[in-house]
Amino acid sequence: MSQNLPLPPIALPGQPLAQSPPYAAGPGTYTTQNPTRTVITASVAGIPRVHADKSVSVTRPSPSHPLLLLPEVASTVLARVTRLNPRQATVEIFAIQGGGDGIHGGGDGGCVCEHTFQGVIRAQDVRATEKDRIKMLESFRVGDVVRAVVISLGDQSNYYLSTASNSLGVVVAHSDAGDPLHPINWRQMACARTGIVEERKVAKPI
Amino acid sequence: MTDRRRINGPLEGTIPPVFLTSSTHKSIIKRSPTTLRKIFLKTGLTPPATGSAFLELPTPSTHSTPTLKLTSSVYGPRPLPSSTTFSSNARLTAELKFSPFSTPGRRRGYIRDGVERDLSAQLSIALGKSVAVGKYPKSAIDVFVSVLDCEGGLGDAGDEAGGGVDVGLMSVLATAISCASAAIADAGIECFDLVAGGVAGLVLEQGGVVEEDRVEKSLEVGQDSDDARRGMRKNGKVTLVLDPSPIDGYIILAAAAVGYMAARDELTLVWTKGSMGWDGDSTDEVERIVDGAITASTGVRLVINEAVKERLLLGLKEMGLIRGKAVSGDGDAAMS
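Just so you know, the protein sequences line up as chains Y and D, in that order.
Residues 3 to 208 (our numbering) are what the first sequence spells out, left to right.
Residues 360 to 695 (our numbering) are what the second sequence spells out, left to right.
It should be emphasised that the hints constitute simulated quantities derived from the structure, not laboratory data.
Only a predicted model underlies this, so the values are computations on that prediction, with no experimental measurement involved.
Be aware that one or more of the hints could be misleading.
What the hints assert, rightly or not - Label pairs and their in silico Cβ distance ranges:
#, chain 1, residue 1, chain 2, residue 2, range
1, Y, 33, D, 399, 27 to 37 Å
2, Y, 21, D, 448, 21 to 31 Å
3, D, 448, Y, 35, 19 to 29 Å
4, D, 476, Y, 124, 37 to 47 Å
Using N, Cα and C, we set each Cβ at its ideal position, and we do this for glycine too.
Go ahead and model the full structure; you've got the sequences and the hints to work with.
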């Protein structure tokens, strides 16, 4: 991986790693401006790596606390619906699937958050078309697990999420009786046991 | 007939316990003035915290050596409580607390007192400059430092020893900065650099016990303290001591504690105490002790680096165990 750039085996915060013109600062690093040059410096303790696109990143190897992720704009998250009213659904974000730059060496996938973050899906953000005809009760139910994308850091308490894409929406849901539902089409899910069809904004199965 | 509705005392009389008087205020070691005490620092000892560290100073030689012991734990970044307003930066709070048993002889109260509040504020200033708060919007990072043992007293309650400045609080603050910084690095919170704390003091070099006695007398007699201090300076030579301990028995004229980011060559905190420059060269003396404190904190920084590295290598080994051979081979390559 490392191409003729002498990187230390372990980088500590504040340790200069590379010069900026050829290399770029990746996750776990920041740049400092000198009068003469720009230096990429480690900002977390970890293992520095040079990637194919000449970006330098520092990843943490610790398995107990691998990542410290916060929801960012454009990152895909998994959230559970906690409250529902005709204007919006309140959710708690419990996992982040990346989609941003995979900061802190997330890269490969996501992480389950140590703390949950509160978010809202407003009625106009449920789907991209026919926004004025969206009914929240026909899109989500309390307890559903939703895949959504962060559109804004929001106000003091809520992240603003959107499910306006084919791949976004309800991924795990249970019927009134408590049986798991499976998707039929983009707006309906059926119970595996009783066959009852319920309405949801369904995410396209991968 | 006993009264069964109340908790009765023992039937026989009791004797109050008699404790041996502690001998913590002895001057024990004579280090060279430029030698730092040996530090024990280990990270990742508090499992529920995101990052944590334990620091002991000096590494005890016998079980009765008075030491300075601190633990630090870092929680976060976690969401702010919903009552707070939106902030695009992380909110870093630092809290330093003395355990009730940390000061020998006199127990400390549980309620936060002025000293703790002051040290907490200084700690959060010292750490705040190093953490990349812009990377964690809408979140809180909480640093808690708990002092378990503080070397036989703080000197804040009037038990000034030897008429000099007491450096107990300064060394508590400096080690708290170092310990908290190691915990922040252990947590994996992005920061510009690690902060290390260091203390240095100008002390009166003592020719022996006789001279020390004379100085103390001159202090007691001379009501005008400036005169007394001038007298002190004439009696002895003033030297710079790195990392002075309150139990070393120095008479400290002035001291400085700094928080220093070695890789960026920046100071995050300067705290000076005592009086300097009676001959009119105060700026030189201030520079001298601040430089001394920087030298001390540079030494401490090496210890923090090693402790953080040690933990990382341990994490690599764990990963190797968990994920089997391929990763362990990768890990070894990265380590070598």
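Going down the list of hints, with the structure as the test:
The hinted range of 27 to 37 Å is satisfied by residue 33/Y and residue 399/D, whose Cβ atoms lie roughly 35 Å apart. Taking the beta carbon of each, residue 21/Y and residue 448/D are about 28 Å apart, inside 21 to 31 Å as hinted. Judged by the Cβ atoms, the range 19 to 29 Å given for residue 448/D and residue 35/Y holds: they are separated by roughly 20 Å. For the pair residue 476/D and residue 124/Y, the beta carbons lie near 43 Å from each other, so the given range of 37 to 47 Å is met.
Taken one by one, the earlier hints all hold for this structure without exception.
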